[in-house]
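**Q** The chain contents come next:
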Amino acid sequence: MYLAGMAAIVVTMFLALARAAIGPTVFDRILAVNMFGTKTVLLIAVAGFLTGRPEWLDLAIVYTLVNFTGTLAVLRFARFGNLARDDRKPDR
Amino acid sequence: MRLGVLLLLAAVWLALSGPYTLDGWLIPVFGLVSVAFVWRLYLALERAAGGGFEFFRASAWLRLPRFLVAFAVKVAAANLHVTKLILSPKIELHPRLRRVPASQKISFGQVLYANFITLTPGTITLDLRDDELLVYALDAESEADVMDGSMDRDVLRIEGSAD
Amino acid sequence: MSGALDIATAVLLVAGGFFCIVGGVGLHRFSEFYQRTHAASVTDTAGAGLMLLGLMLQGGLSMVTLKLLLVLAFLLFSSPAIAHALVKAAHGHGLELEIEDEPGRDGDAAG
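Residue numbers (the numbering used here), protein chains in the order written: chain A, 1 to 92; chain B, 1001 to 1163; chain C, 2001 to 2111.
Hints are not guaranteed to be accurate.
[Stated by the list, open to error] The calculated lysine to aspartate or glutamate pairs, modelled on DMTMM-like cross-linking and capped at a C-alpha distance of 20 Å, are: (1) Lys1090(B) x Glu2032(C); (2) Lys1105(B) x Asp1127(B); (3) Lys2088(C) x Asp1148(B).
I should point out that these hints are in silico values taken from the structure, not numbers from a laboratory.
Only chain A is shown next, with the shape it has when bound in the complex (with noise of 0.2 Å):
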């Protein structure tokens, strides 16, 4: 059952992927890179059931926040430019 839930994981990845690629807009490319990795939180939880080691929920959590803090990075500099200025109009 595991296996079944984590091809499905793999599958919607793969979906998340080719969205990313063919994207239009740099919008779509971040959602799909930030679905990508919310995916990936939930490969490594059931991941972590699969092989009998729990303890990688660690890793989950920790991809959960990196995953947050990277999207909102990345969306930050495609709208400003750059990460450190907070008082600048943004590039069009």
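Since chain A is already given, all that's left is putting chains B and C on it; use the hints.
**A** Using the frame of chain A, we list chains B and C on its own:
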């Protein structure tokens, strides 16, 4: 409230790494340092936001289970609806923007309401301004979920200011 | 581990996988960015929620379940924040929003 954040951070650290490693001295010290550091970050965040954050009163924890049930039911129904839309042979969407009043008293409640709407598939919050949300909905049925105000009431109830 | 619990876990995992794939398919069938965010939110709520719930049944009352709850909580906090940030950034960036009627013209919706 700052104390509450500190306690919450300490509890999360204890839950994630505490019980296994309390025999040595190094790991608890690392824990103390990391909790103190994150609490410091929270205080800096409060300052950057210009004043303290306002949360629900502590009694909101008692109303949390009922809110979670209402939340799960709404999200499940919306998921089924959007699944039906995705799998229908010919996708027919009537996307629309709506202004929705957020009648919560404190900003935390409004943010919770906005996130509730965003988390429900079929509706997404674009903006929050002047106690009003700008909501983008996929079609009439998704829109009706928000416009009938039941989610607003759910959040009001956990905020403790219903009726 | 009792058989009924295993069956429940299997059902939840398969249901979660189904919603994941549906979201992935929606990512391709919807024609516009703003609509695709809704497909992504299906996988983030129904897909992740059901799968983690199924794993929680296997974990029982233990640290494992607590960690699964934490993963779920972090996902439920972060996914609307990301979705909102994305949509607002796209909107502020001038990405066209296909809608059927403007909110300004709509008297009853504003009140």
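**Q** All hints are to be evaluated individually against the structure, with a verdict given for each.
**A** Okay, the hints, checked on the actual structure:
1. Lys1090(B) x Glu2032(C): holds, 15 Å
2. Lys1105(B) x Asp1127(B): holds, 18 Å
3. Lys2088(C) x Asp1148(B): violated, 24 Å
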